Structures are given as C-alpha cells and as structure tokens.
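Undergrad: Sequence:
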Amino acid sequence: MQPQKYHHTSNQMTRESMAAGCDPTKCLHLFHMCLPLLIVSLLIAPRSSDSDVRKMPLDTTHTRVEPVDAWKPEANLYESGFSVREQEPVPRAPEPVTQGDPNCKVDLAFLMDGSWSVGKRRFKIQKDFLAEVAQTINVGVAGPMMGIIQYGDDPVTEISLKTHSNSRELKSAVDKIVQKGGLSNVGKALSYINKQYFSDANGNRGGAPNVAVVLVDGWPTDKVEEASRLARESGINIFFVTIEGPDDNEKQNLVEANFVDKAVCRTNGFFSLPVASWFALRKTVQPLVKRVCDTDRLVCSKTCLNANDIAFVIDGSSSVGTGNFRTVLQFVANVTREFEISDTDTRVGAVQYTYEQRLEFAFGQYNHKAELLNAIKRINYWSGGTSTGAAITYAAEQLFSKSKPNKRKIMIVITDGRSYDDVMAPALAVHRQGVIAYSIGIAWAAQDELEYIATDPDKEHSFFVDEFDNLYKFVPKIIHNICQEFNSQPRN
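Under the working numbering, the first residue of the sequence shown carries the number 20, and numbering increases by one thereafter.
In short, the hints are calculated from the structure, not lab data.
If you're wondering where the values come from, they're calculated on a predicted model, not measured in any experiment.
Some clues are possibly wrong.
To be verified - Below, a list of computed lysine-lysine pairs in the DSS-like style, where the Cα atoms sit at most 27 Å apart:
1. K124 with K309
2. K302 with K195
3. K207 with K139
4. K242 with K423
5. K190 with K309
6. K146 with K242
7. K195 with K181
8. K214 with K242
9. K146 with K199
10. K190 with K143
11. K302 with K396
12. K242 with K207
13. K388 with K139
14. K143 with K309
15. K496 with K426
16. K190 with K302
17. K207 with K181
18. K478 with K492
19. K124 with K199
20. K426 with K388
21. K181 with K124
22. K139 with K124
23. K388 with K492
24. K190 with K139
25. K396 with K492
26. K423 with K388
27. K242 with K426
28. K146 with K309
29. K143 with K207
30. K396 with K426
31. K195 with K124
32. K143 with K181
33. K139 with K195
34. K478 with K124
35. K199 with K242
36. K195 with K214
37. K214 with K181
38. K181 with K388
39. K242 with K139
40. K302 with K124
The whole structure should be built from the sequences, with the hints applied where relevant.
TA: This is the structure:
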C-alpha cells in the first residue's frame with residue numbers, strides 16, 4: 020500500500036486541472052478518476068499544506084515508491100485490486116533438519132571451562148571457538164551431533180546432543196551461553212558425562228562413538244585420573260585441549276601431575292592438543308575436527324585402555340608348517356598392536372600346542388608393547404599332533420586362573436585341523452569361568468569344533484578362512500568385537 024504516493028499525486032492533479040482551466044466535461048472525468056485517491060488520502064493522513072506534503076518522509080520499509088512521473092492516467096484503478104488493508108506477515112519457517120557429514124557420525128560433547136580463572140574475554144574466545152567447530156563439523160542427524168557442558172564448581176548441560184540438528188541453530192545457542200564461574204573441577208565434569216550426559220534421554224545414539232573434548236585453562240582443581248578411566252571404560256573417547264598450561268613453578272601446585280597423560284587414551288598426541296595461548300585456539304579447529312571424525316582410530320581408542328587379559332592359543336601342529344606358522348604369529352602381533360599394553364590396561368599371554376602344551380609367555384610378563392611384539396616374533400615353531408581341547412584347559416589353568424578381578428578375559432584359539440581330543444567339555448568349562456572365546460579356523464579346521472569353542476553368538480566369535488595368508492582380514496573384525504564385548508558383557 021502506498022498512501023503517501025497517492026496523496027501527493029492527487030493534490031498535484033487537482034492543482035493542475037484548476038490551473039489548466041479545463042472544460043467541465045474533462046474536469047468531471049478527471050474528478051471521477053481521482054476521487055478514490057482523495058478518499059484514501061483523507062482517511063489515512065490529516066490534511067496538510069502542499070509544503071508539508073513535500074516534507075513528509077515516505078515509508079519505504081515495506082513498499083517501493085515510484086516517482087510521481089511514473090503515474091499513468093490511463094490505468095484502471097478499479098481493476099487493479101487496490102486495497103488499504105495491510106498484508107499479514109508470513110510466518111517464519113522452522114530451521115531445516117540437516118543430514119550432516121555421514122563420514123563423521125559421532126556424538127560429540129565439549130566440556131568448556133567456565134571457571135573464574137578464565138575471565139570474560141577468554142570465555143568469549145572459547146565460545147567463538149565452539150561456534151566455529153559447530154560450523155566446520157557440519158552437524159546433522161546422519162552425521163555428528165554436538166552438545167556442550169560448562170564446568171566450574173559443578174557441571175551444567177548447556178546444550179544436549181539432541182537439541183540442535185543443524186550448525187546454524189547450534190552456533191546461535193553457543194552465543195547465548197553465560198559464564199558460571201567457580202573452580203576448574205574437570206574430574207567432576209568427566210564423571211557427569213559418564214553417568215548422565217551420554218544417555219538415551221539426552222540424545223545418545225548408541226551406534227555412534229561417544230567423544231568428549233575437554234577445554235582446560237591452566238590445570239584442573241580436582242583429580243581426573245579415576246573419572247577418566249571410568250569414562251573410557253564406558254566407551255567414551257576423551258580428548259584434552261589444554262590452553263596456556265602451567266609453568267615449572269605452577270606445576271608444584273598441581274593436584275595431579277601429568278593429568279593429561281592419565282586422562283587420555285594414548286599419549287601419542289592424537290588425544291591431546293596443547294595450545295600455547297588463547298589467541299591461537301582458533302587455529303586448532305581444523306586439526307581437532309579431523310581427529311574426532313577419524314572414527315577408525317576411535318574404535319581403537321575404545322579398546323586401547325580397556326582392562327583385558329587376552330590369551331592366544333596357537334596351533335603348532337605339523338600340518339601348519341614353518342612358513343604358515345610365521346603368518347599366524349604376524350596375525351597375533353597385528354591384533355596385539357591395537358591395544359595399549361600395561362599391567363593396568365591390556366595384558367597378553369600365549370600358549371602353543373600340539374599333543375602337548377607350552378606356555379610361551381604369561382599375562383604381565385611383558386608390559387611394554389615393543390617388548391611384547393618382540394616376544395611374539397621369537398616364538399619357535401614346535402610341530403606335532405593336534406590336541407585343541409587339552410590346550411584350552413591348559414590356557415585356563417596357566418593364564419586365566421591368574422587374571423585380575425577387573426580384567427575382561429578373552430581367549431583366541433587358532434587351529435588348522437580337527438582335534439584328536441574332545442573340545443566341547445573344555446570349551447564349556449572356560450565359558451562358565453567368564454572367558455569370551457574366539458575360534459579362528461584355517462584350511463582343514465572342523466566347523467563343529469569351531470562352534471563349540473566360540474562364545475555365542477557364533478557368527479560374532481567364530482571365523483574361517485581357506486588360506487593362512489588371508490588371516491589378516493579378520494583383524495579389524497576381532498578388534499571391533501572385543502570393543503563391543505567390553506561395553507556389553509559384565510566383568511568378573
């Protein structure tokens with residue numbers, strides 16, 4: 020609607036018709052054309068002088084005002100749909116639900132430092148960093164979902180995993196976060212995400228890896244080691260981003276020295292990211308997003324610090340042969356390499372069997388990965404018959420009887436033929452002891468025996484391959500399954 024335009028035009032027309040001294044017929048015709056405009060003008064605005072009209076500002080916020088010269092007398096106003104009623108506002112469409120990046124399907128929680136030591140300026144830098152991460156990571160229901168917890172004296176959920184399904188909404192929500200203050204109780208925050216945050220009610224999707232990125236200004240004011248261990252054992256991948264860490268003098272005041280090394284899964288730099296200053300924080304967005312989206316390495320992280328005792332029961336019978344035996348040892352080494360080896364994390368033992376059995380090394384005999392891999396390489400091929408049942412019983416007596424109470428007990432039996440003795444009874448016995456058994460059959464291995472040995476369901480624990488050279492194909496599947504075992508089976 021353009022009332023002022025018509026008001027100005029109608030007055031101009033009236034003055035021009037009078038000044039022209041037109042004959043009554045023409046003036047009457049002009050009067051009929053202009054009458055609706057005059058009525059509208061009178062209804063909308065008070066009568067003003069010509070000078071006032073010229074000074075009156077035109078409302079151009081909703082309509083485009085054409086110059087006066089653009090008015091065309093021949094236009095039929097009665098057919099134009101002219102109306103003085105204001106147009107109703109169009110309701111705003113809801114934000115679309117985006118699919119996100121399917122190559123980065125993770126449930127991602129950021130623990131932002133809201134303690135008083137951060138200050139308002141650095142807290143704002145933190146929010147800008149999180150907003151940029153939200154934009155970069157491409158949030159969506161088929162990709163990453165992102166939430167935020169602020170911690171100080173106590174942790175508080177600012178944004179749950181299911182609150183926002185696109186990056187635009189998430190960025191807007193980040194901007195509204197207000198600093199809480201308090202101490203830097205990181206340990207309490209890690210306990211919170213483990214017990215409450217990664218839940219179905221909060222949007223945890225189950226099939227997506229759980230990732231927690233902890234932003235720390237300086238150092239925590241409580242202990243993080245125990246809370247981190249419990250969180251990792253629940254399958255949460257913990258990353259630490261430390262900004263302006265303590266200097267040598269300040270390290271004397273730390274509640275827990277080397278807290279990052281105790282909190283993260285591996286100390287090889289993948290799970291920790293030191294930042295020299297707050298002003299350099301934004302430079303870490305791309306490398307951090309790349310790390311948390313590397314889901315293949317996250318699978319390894321879930322197993323690397325799980326408390327497992329893994330026993331390899333290796334067929335050394337004559338039918339295997341020296342060359343194939345070396346291939347079997349390479350398979351054992353490849354599986355072992357994916358775990359973090361220590362007395363408190365994963366321990367590995369090995370038994371070789373023919374008609375007889377031999378303990379190659381016990382749980383905890385080698386607590387460093389390099390030493391353990393060298394020990395596997397040094398195992399000598401024995402040669403002889405095949406008594407798989409007796410080997411299972413021997414492994415239970417020599418290895419699993421010495422397992423620690425908090426360790427998951429895993430047995431991986433490798434065989435290339437039918438056993439000369441019964442395997443069913445020994446297998447049932449170790450199952451009752453809480454041992455999770457995998458069977459790896461090669462060439463002439465008996466399918467029924469593989470199923471007896473394997474923990475149910477067989478399809479997840481029993482594998483068969485025609486050639487020794489194809490053993491490597493089972494490594495990722497076994498690693499993945501052990502990871503799932505850890506989160507689904509009770510420990511003894």
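Undergrad: Against this structure, judge whether each hint is valid.
TA: Verification of the hints:
no.: 1; hint: K124 with K309; result: 12 Å, holds
no.: 2; hint: K302 with K195; result: 23 Å, holds
no.: 3; hint: K207 with K139; result: 23 Å, holds
no.: 4; hint: K242 with K423; result: 25 Å, holds
no.: 5; hint: K190 with K309; result: 19 Å, holds
no.: 6; hint: K146 with K242; result: 25 Å, holds
no.: 7; hint: K195 with K181; result: 17 Å, holds
no.: 8; hint: K214 with K242; result: 17 Å, holds
no.: 9; hint: K146 with K199; result: 13 Å, holds
no.: 10; hint: K190 with K143; result: 13 Å, holds
no.: 11; hint: K302 with K396; result: 43 Å, violated
no.: 12; hint: K242 with K207; result: 8 Å, holds
no.: 13; hint: K388 with K139; result: 45 Å, violated
no.: 14; hint: K143 with K309; result: 24 Å, holds
no.: 15; hint: K496 with K426; result: 21 Å, holds
no.: 16; hint: K190 with K302; result: 18 Å, holds
no.: 17; hint: K207 with K181; result: 23 Å, holds
no.: 18; hint: K478 with K492; result: 15 Å, holds
no.: 19; hint: K124 with K199; result: 30 Å, violated
no.: 20; hint: K426 with K388; result: 18 Å, holds
no.: 21; hint: K181 with K124; result: 14 Å, holds
no.: 22; hint: K139 with K124; result: 33 Å, violated
no.: 23; hint: K388 with K492; result: 22 Å, holds
no.: 24; hint: K190 with K139; result: 19 Å, holds
no.: 25; hint: K396 with K492; result: 20 Å, holds
no.: 26; hint: K423 with K388; result: 19 Å, holds
no.: 27; hint: K242 with K426; result: 23 Å, holds
no.: 28; hint: K146 with K309; result: 20 Å, holds
no.: 29; hint: K143 with K207; result: 23 Å, holds
no.: 30; hint: K396 with K426; result: 25 Å, holds
no.: 31; hint: K195 with K124; result: 26 Å, holds
no.: 32; hint: K143 with K181; result: 24 Å, holds
no.: 33; hint: K139 with K195; result: 14 Å, holds
no.: 34; hint: K478 with K124; result: 26 Å, holds
no.: 35; hint: K199 with K242; result: 21 Å, holds
no.: 36; hint: K195 with K214; result: 26 Å, holds
no.: 37; hint: K214 with K181; result: 17 Å, holds
no.: 38; hint: K181 with K388; result: 40 Å, violated
no.: 39; hint: K242 with K139; result: 25 Å, holds
no.: 40; hint: K302 with K124; result: 23 Å, holds
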